Amino acid sequence: DVKVTQSSRYLVKRTGEKVFLECVQDMDHENMFWYRQDPGLGLRLIYFSYDVKMKEKGDIPEGYSVSREKKERFSLILESASTNQTSMYLCASSFRVEETQYFGPGTRLLVL
Amino acid sequence: AQKVTQAQTEISVVEKEDVTLDCVYETRDTTYYLFWYKQPPSGELVFLIRRNSFDEQNEISGRYSWNFQKSTSSFNFTITASQVVDSAVYFCALSESGNAGNMLTFGGGTRLMVKP
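The listed protein sequences derive, respectively, from chains Y and H.
Counting from 1, one number per residue, gives the positions in the first sequence under our numbering.
Counting from 113, one number per residue, gives the positions in the second sequence under our numbering.
Isolated chain H (complex conformation) (with noise of 0.2 Å):
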């Protein structure tokens, strides 16, 4: 069965200071993806990156970098000089391939705090 921890439930940090968001997946398939979503205090999932499993090509988009290690079978998220706004719930997602309408298992959630 596929299972995501995301031991951390709640990081604090102040403004600037780079932050790592832990993701560990458990998964008996090959072929698989992984996502990360960040729900602001709105409430809405908002679709941040997806990986599949064949491709550990780390990956950068402006502050945010994201590095997949099968070896470890985590996929974590880094905040670079976070900012107030990067407050949020951050969620990682596993979907494996051929399950029937993709279904995703979240993990628990992490609760980024970034104070000014």
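Just chain Y, with the same shape it has in the complex (with noise of 0.2 Å):
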């Protein structure tokens, strides 16, 4: 079975610190996914990655950056984070172009 794991299933954060979500999957799949969930707005992609070290820009990359220093971890990174990205933040990967995406259990963040 896949397994893709997120660090942390809810956090609590204060506006301005930086913050690290990290995601892992045990599959080798060459693509990883971040996307934030909202209601109303649906899921949106925040970064993929396509390769280690490689990064392309989804929907709504302001206010984050990513990290994939090894194959099977993918890390969404709030600078600085901000009330509004208070959200759910779901990470996903897929063995090749055009492969079903399977997706971790999530992480609610709250930006106080």
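Don't take every hint at face value.
Pulled a few chain Y residues facing chain H out of the computed Cβ check, cut under 7 Å [claimed, not checked]:
1. G42
2. L43
3. L45
4. T100
5. P105
6. G106
List time: in silico BS3-like cross-link candidates among lysine-lysine, alpha-carbon distance up to 30 Å [said to hold, decoys possible]:
7. Y/K53 x Y/K13
8. Y/K70 x Y/K18
9. H/K115 x Y/K57
10. Y/K13 x H/K150
11. H/K115 x Y/K3
12. Y/K55 x H/K115
Label pairs and their calculated CB-CB ranges [claimed, not checked]:
13. Y/D51 x H/T192: 37 to 45 Å
14. H/L160 x Y/K57: 22 to 30 Å
15. Y/P61 x H/R162: 22 to 30 Å
16. H/D167 x Y/V12: 41 to 49 Å
17. H/P153 x Y/E17: 27 to 35 Å
18. Y/K3 x H/D130: 29 to 37 Å
19. H/A119 x Y/R96: 28 to 36 Å
20. Y/E17 x H/V125: 37 to 45 Å
Hint data in this document are derived by calculation from the structure and do not stem from the laboratory.
Model, not experiment: these values are computed from the prediction.
All residues carry an ideal CB built from backbone N, CA and C; glycine is no exception.
Taking the hints as your guide, dock the two standalone chains into a single complex.
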């Protein structure tokens, strides 16, 4: 079975803090993705990576950065958290282009 | 540009009823992929099915069935004899062939509530 794990299920941070969300997959997938999910807005792609050290902006990259130093790990970084980044963050991975994306359990982030 | 529409934001049924979740998509590609995911209250998106645009055969998996019709750009999902455990938000998604990283475009989701 594909396993995608995320470092935290719930996080509470203060405005201005630097926040790291970690995602690990154990299936040797090339592609990894970060989405955020908000009521009424559905899932929106923040960044994705198709190889180690490679990254591409998604639909809403502003305020975020990513890091992929190892194939199995993809980190989402909020350099200076703001209240409008309070959201559910979902990580996903897939083997190749056009293959199915498998999702992690999600991290609910609250920025106070 | 690709787009997925799930017109039903919320559906409520009583256990054992059949229910169909609608999905309509827009794409200019001739090769594309359609997906359904389930998101239970725990939050994780669970993959249900993947379909490519050349395979219009309907699929059945237990109580779940999918009807793919290219003529109407629809990929509808039916749950037969619904159960309380089917309560979740269901997302339809589209991926166009060749787009970098197989980015998914999601519909807005349909919240299904199955009452005992």
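Hints, one by one, checked against the model:
1. For the restraint placing Y/G42 at the interface with chain H, the shortest Cβ-Cβ distance is roughly 5 Å, inside the 7 Å limit, so the hint holds.
2. The closest approach between the C-beta of Y/L43 and any C-beta of chain H is roughly 4 Å, which is under the 7 Å cut-off, so the hint is satisfied.
3. Hint status for Y/L45: holds, given a least beta-carbon distance of 6 Å to chain H, under 7 Å.
4. Interface hint at Y/T100: satisfied, since its Cβ lies 5 Å from the closest Cβ of chain H, which is below the 7 Å cut-off.
5. Annotation: Y/P105 was flagged as interfacial toward chain H, and the flag holds, the nearest CB pair being 4 Å apart, inside 7 Å.
6. Of the supplied interface hints, the one on Y/G106 holds, with its beta-carbon coming within about 4 Å of a beta-carbon of chain H, less than 7 Å.
7. Distance check on the hinted pair: Y/K53 and Y/K13 sit about 27 Å apart at the alpha-carbon level, within 30 Å; holds.
8. For the suggested pair Y/K70 and Y/K18, the alpha carbons sit about 21 Å apart, so the restraint of at most 30 Å is met.
9. Of the pairs offered as hints, the one joining H/K115 and Y/K57 holds, with about 19 Å between alpha carbons and a cut-off of 30 Å not exceeded.
10. This hinted pair checks out: Y/K13 and H/K150 have alpha carbons roughly 29 Å apart, not beyond 30 Å.
11. Between the alpha carbons of H/K115 and Y/K3 the distance comes to roughly 29 Å, so the proposed pair stays at or under 30 Å and holds.
12. Under the criterion of a C-alpha separation no larger than 30 Å, the hint pairing Y/K55 with H/K115 is consistent with the structure, at around 24 Å.
13. A hinted range of 37 to 45 Å for the beta carbons of Y/D51 and H/T192 is consistent with their spacing of about 42 Å.
14. In this structure the supplied range 22 to 30 Å holds for H/L160 paired with Y/K57, their Cβ-Cβ distance being about 29 Å.
15. In this structure the supplied range 22 to 30 Å holds for Y/P61 paired with H/R162, their Cβ-Cβ distance being about 27 Å.
16. Restraint check, H/D167 to Y/V12: a C-beta distance of roughly 45 Å satisfies the suggested window 41 to 49 Å.
17. Hint check: H/P153 to Y/E17, Cβ distance near 28 Å, so the stated range 27 to 35 Å holds.
18. Judged by the Cβ atoms, the range 29 to 37 Å given for Y/K3 and H/D130 holds: they are separated by roughly 33 Å.
19. Between H/A119 and Y/R96 the C-beta distance comes to about 32 Å, which sits within the given range of 28 to 36 Å.
20. The beta-carbon spacing between Y/E17 and H/V125, approximately 44 Å, falls within the hinted interval of 37 to 45 Å.
Comparing the model with each earlier hint shows no violations; every hint is respected.
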